[in-house]
Amino acid sequence: MPNTIHIPTPLRPFTDKQESVEVSGATVGELLKDLTTRHDGLKKHLYTDDGRLRNFVNVYLNDEDIRYLQKEQTPVKPGDSLSIVPSVAGGVL
Amino acid sequence: MGLKLESGVADAIRAHGVETYPNECCGAFYGRDGVVSSTYAMPNTTELGPRRRFQISPRDYMNAEKRASELGMEMLGFYHSHPDHPARPSQFDLDHAWPSLSYIIVSIKEGVPEDMTSWRLQEDRSAFDQENLTHA
Chain A
84 MPNTIHIPTP
94 LRPFTDKQES
104 VEVSGATVGE
114 LLKDLTTRHD
124 GLKKHLYTDD
134 GRLRNFVNVY
144 LNDEDIRYLQ
154 KEQTPVKPGD
164 SLSIVPSVAG
174 GVL
Chain B
5 MGLKLESGVA
15 DAIRAHGVET
25 YPNECCGAFY
35 GRDGVVSSTY
45 AMPNTTELGP
55 RRRFQISPRD
65 YMNAEKRASE
75 LGMEMLGFYH
85 SHPDHPARPS
95 QFDLDHAWPS
105 LSYIIVSIKE
115 GVPEDMTSWR
125 LQEDRSAFDQ
135 ENLTHA
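Chains as they are written, first to last, in the working numbering: chain A, 84 to 176; chain B, 5 to 140.
Note that these hints are calculated values from the structure, not bench results.
Glycine is no exception: its CB is placed at the ideal position from the N, C-alpha and C atoms.
Be aware that one or more of the hints could be misleading.
What the hints assert, rightly or not - For lysine-lysine, the following DSSO-like pairs were computed, each having C-alpha atoms within a straight-line distance of at most 27 Å:
hint, chain 1, residue 1, chain 2, residue 2
1, B, 70, A, 126
2, B, 70, A, 100
3, B, 8, B, 113
4, A, 116, A, 154
5, A, 100, B, 8
6, A, 100, A, 116
7, A, 154, A, 126
8, A, 127, B, 70
9, A, 126, A, 160
Unchecked claim - Across the chosen pairs, the derived CB separations fall in these ranges:
hint, chain 1, residue 1, chain 2, residue 2, range
10, A, 101, B, 38, 43 to 51 Å
11, A, 160, B, 39, 28 to 36 Å
12, B, 133, A, 133, 20 to 28 Å
13, B, 75, A, 162, 28 to 36 Å
14, B, 47, A, 160, 30 to 38 Å
15, A, 132, B, 39, 34 to 42 Å
16, A, 163, B, 113, 43 to 51 Å
Stated by the list, open to error - Not everything, but these chain A residues come out facing chain B in the computed CB check (under 7 Å):
hint, residue
17, 96
18, 98
19, 140
The task is simple: from the sequences and hints, build the whole structure.
Rendered as structure tokens:
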């Protein structure tokens, strides 16, 4: 059974407008890597130049924030789903 | 590319900015094909000082997307206010911007709304482009 990643509205232009993408891998990091391999345009919006997830990118495994699990090393089971959820932020300074 | 604001949209954004002044307000807006017909005021959950920053929590973000489905519209972008600062995006705005959305900024000076502008992140994330903002 494949895994799915839910894609938020601002990133859907990079996934041919798909709301979710089927991916495969053994960890959260591998699923995300599979996603950015299939849809290369996502990479710069999810990762910094040195390859770390941007801090305003939240990733949930099922309903749990991966920051409170084992981050990108968190193992996944068949059928688990990931959600990418933006933190929207800004300000005058 | 540009945004057209239907009647009442600009007033709703300005009113929210006045209501939260001297803190920043924030919210989402919805419509179709670049025409904005609805706004959604959201809580500013920043822990970095709401006079200078705003943040929309992941949970509130998910509610904003859900609302788009309920309205049968697209979520076209987010707005926020710049209290006592110009309606131009900051480096912090740029660092945290998402692609393919419009960012409306309203300047609130001493509690009174002034300029309103709209911006889109460039493809390579290096800068914002200002987009034309018109009123229906």
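Subject >> Status of the residue 96(A) interface restraint (C-beta, 7 Å, chain B) >> reply: This hint holds: residue 96(A) lies near chain B, its Cβ roughly 5 Å from the closest one there, short of 7 Å.
**OP:** Compare the distance between the alpha carbons of residue 100(A) and residue 116(A) with 27 Å, and conclude whether the hinted pair is satisfied.
**Re:** holds, 19 Å
Original post:
Given the proposed pairing of residue 127(A) with residue 70(B), does the C-alpha separation stay at or below 27 Å?
Top reply: holds, 26 Å
Subject >> Evaluation of the interface hint that places residue 98(A) against chain B, nearest CB under 7 Å >> reply: Status violated, d = 11 Å.
Original post:
Does the CB of residue 140(A) sit less than 7 Å away from some CB of chain B?
Top reply: violated, 9 Å
Original post:
Within 27 Å, alpha carbon to alpha carbon, are residue 154(A) and residue 126(A)?
Top reply: Within the cut-off at roughly 18 Å; holds.
Original post:
Does residue 100(A) lie within 27 Å of residue 70(B) when you go C-alpha to C-alpha?
Top reply: holds, 17 Å
**OP:** With a cut-off of 27 Å on the C-alpha distance, tell me whether residue 126(A) and residue 160(A) pass.
**Re:** holds, 24 Å
Original post:
Holds or violated: are the alpha carbons of residue 8(B) and residue 113(B) at most 27 Å from each other?
Top reply: This hinted pair holds, its Cα atoms lying about 24 Å apart.
Subject >> Pair hint outcome, residue 116(A) versus residue 154(A) [Cα-Cα no greater than 27 Å] >> reply: holds, 14 Å
Subject >> Beta-carbon spacing of residue 133(B) to residue 133(A) - inside the hinted bounds 20 to 28 Å or not >> reply: holds, 26 Å
**OP:** Please test the hint of 43 to 51 Å on the beta carbon pair from residue 101(A) and residue 38(B).
**Re:** At roughly 22 Å between Cβ atoms, residue 38(B) and residue 101(A) fall outside 43 to 51 Å, so the hint is violated.
Violated hints, in rising order: 10, 11, 18, 19; the structure is consistent with all others.
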